[in-house]
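Working from the sequences, and respecting the hints, build out all of it.
Protein chains in written order, with numbering that gives the first Met the number 0: chain A, 0 to 221; chain B, 0 to 221.
The reader is advised that the hints may include incorrect statements.
Claimed, not checked - Here are the simulated distance ranges between beta carbons:
1. A/PRO24 - B/ASP160: 22 to 32 Å
2. A/ARG58 - B/LYS121: 52 to 62 Å
3. A/GLN140 - B/GLU66: 46 to 56 Å
4. B/SER21 - A/GLY164: 32 to 42 Å
5. B/LYS121 - A/PRO5: 45 to 55 Å
To be verified - DSSO-like cross-link-like pairs, simulated, lysine-lysine; straight-line CA separation at most 30 Å:
6. B/LYS121 - A/LYS121
7. B/LYS117 - A/LYS44
8. A/LYS117 - B/LYS44
9. A/LYS47 - B/LYS117
Note that these hints are calculated values from the structure, not bench results.
It should be emphasised that the depicted structure is a prediction, and the values quoted were computed from it without experimental measurement.
The beta-carbon is built from N, C-alpha and C at its ideal position, and this holds for glycine as well.
Number of protein chains: 2
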Amino acid sequence: MTRRIPRATVARLPAYLRYLDSLGPGRQTVQSSDLASASGVNAAKVRKDLSYIGAAGVRGVGYDVEELRALILRKLGLSTDLTVVLVGAGNLGSALARYKGFDNRGFHIVSVYDIDPKRVGKRIAGIEIRHLDHLEEDLRQTAADIGIIATPASEAQGVADRLTGAGIPGILNFAPTVINVPAWATVRQVDLATELQILAFYLRTRREAGATQARTQKRRPG
Amino acid sequence: MTRRIPRATVARLPAYLRYLDSLGPGRQTVQSSDLASASGVNAAKVRKDLSYIGAAGVRGVGYDVEELRALILRKLGLSTDLTVVLVGAGNLGSALARYKGFDNRGFHIVSVYDIDPKRVGKRIAGIEIRHLDHLEEDLRQTAADIGIIATPASEAQGVADRLTGAGIPGILNFAPTVINVPAWATVRQVDLATELQILAFYLRTRREAGATQARTQKRRPG
DNA sequence: TAGATTGTTAATCGATTAACAATC
DNA sequence: TAGATTGTTAATCGATTAACAATC
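Structure (structure tokens):
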């Protein structure tokens with residue numbers, strides 16, 4: 000009987016993995032406190048997270064680096080590489096196609112689609128850009144695990160429908176719009192401008208807190 | 000006395016804003032249920048979020064679109080445009096420099112830096128790429144609100160130190176590593192490969208749930 | 001054994017949601 | 001007035017954290 004892994008824990012596992020990957024080959028064990036400071040959380044939380052995935056630490060010693068790494072990879076579903084198709088070969092799409100960080104971590108972009116005749120037929124990172132019309136037949140030949148959407152917002156839902164229609168269960172959406180998919184599929188949304196907007200909120204808050212503090216300090220008798 | 004706005008609420012405000020922006024000029028009011036379905040949350044949550052920022056809805060009618068839009072912009076600290084410097088003019092950095100979604104939403108990239116002599120002096124989106132050595136003197140001339148880091152992971156902490164050292168209060172980090180900044184500054188991290196890894200987890204979980212279901216169904220008497 | 005660190009409990013905190021009175 | 005929708009309460013759920021017994 001497998002216990003359910005909390006969402007928040009899942010979201011932190013990649014950070015732990017990244018830290019483990021950054022360690023030299025000489026390192027045998029890690030402590031929860033190391034993982035904590037490397038990923039910006041509390042050591043108790045790290046231990047709790049690791050207990051959710053069933054990691055076996057040794058009291059007084061820590062966790063075995065290789066064992067923990069393999070366990071996280073397995074739990075994340077990364078024991079085997081995943082195939083990815085990318086739709087949208089514009090600005091962002093091209094950068095994603097060339098991004099080394101995907102391939103390094105076992106995500107292989109197998110094809111790139113666009114509808115712009117000026118782009119179709121060209122190559123990015125060695126992959127020929129195909130017309131979106133070929134999507135369904137290509138996927139019948141070779142299924143894919145994940146579709147990345149890097150189109151304008153106006154096209155995103157239509158592309159998502161075609162991706163899920165062709166059986167792709169996972170979508171990473173970079174278009175700045177919420178998309179709906181069937182219940183059996185999963186979407187994650189990355190909105191670059193949203194990130195800046197959230198940052199802007201905290202800048203404003205800090206600025207005002209700072210101003211308040213300055214006023215408060217001024218009021219103090221010198 | 001301003002009430003503190005919860006983190007989760009802040010993270011949703013940009014989605015509400017995006018929906019309001021998508022409405023035609025004819026639309027006078029919106030209901031919490033509209034905002035809810037457009038941003039994938041519950042209508043009660045929308046109303047709670049909006050009450051945190053002090054929105055004045057009208058019972059039986061809804062919220063005034065323009066008033067709400069202006070309020071969210073103000074609360075997010077977007078009443079005035081913000082200036083951004085970008086460090087790293089590689090693959091991803093170049094795409095970010097050209098990304099229309101930033102400028103559209105009031106984030107103006109004013110300069111781009113790199114250390115590669117093959118890139119320095121060239122232009123992206125009309126902005127000349129300058130050598131990183133000029134960062135501090137440039138920022139003394141014209142301060143900036145936000146620094147975007149799009150360098151390799153190995154350089155990210157050093158760049159963050161220089162950005163905060165030059166007084167930049169907000170950092171959006173695309174390098175796949177956690178960076179530390181002084182307490183008065185704010186960082187947000189966007190890790191593209193991490194997003195795929197989290198997606199992979201849910202794909203695996205769904206796949207296994209589906210397999211279990213299939214087995215269970217098989218066991219049923221036909 | 002002494003020191004270190006895990007694994008887990010229990011308390012706390014924060015976010016979500018249903019439900020409905022208030023009121024346009 | 002009747003219908004619609006907000007604003008808020010109260011219950012619930014999930015995540016975080018301190019603290020410490022267990023144990024290598």
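Agreement of B/LYS117 and A/LYS44 with the hint, judged by alpha carbon distance not exceeding 30 Å: Not satisfied, since the Cα-Cα distance of roughly 45 Å exceeds 30 Å.
Cβ separation of A/ARG58 and B/LYS121, checked against the hinted range 52 to 62 Å: For B/LYS121 against A/ARG58, whose Cβ atoms are near 56 Å apart, the range 52 to 62 Å holds.
Proposed proximity, B/LYS117 with A/LYS47 (alpha carbon, max 30 Å): 47 Å, violated
A/LYS117 paired with B/LYS44 [C-alpha distance capped at 30 Å]: Measuring from Cα to Cα gives roughly 45 Å; hence the hint is violated.
Cβ distance range 22 to 32 Å for A/PRO24 and B/ASP160, holds or violated: Distance hint for A/PRO24, B/ASP160 holds at roughly 28 Å.
Consistency of beta-carbon spacing, B/GLU66 to A/GLN140, with hint 46 to 56 Å: For A/GLN140 and B/GLU66 the Cβ distance comes to about 53 Å; the hint holds.
Supplied distance hint 32 to 42 Å, evaluated on CB atoms of B/SER21 and A/GLY164: Distance hint for B/SER21, A/GLY164 is violated at roughly 24 Å.
Hinted pair B/LYS121 and A/LYS121, Cα distance within 30 Å: 24 Å, holds
Outcome of range test on Cβ distance (B/LYS121, A/PRO5; 45 to 55 Å): Since the Cβ atoms of B/LYS121 and A/PRO5 sit about 46 Å apart, the hinted range of 45 to 55 Å holds.
Checked against the numbered hints above, the structure breaks hints 4, 7, 8, 9 and satisfies the rest.
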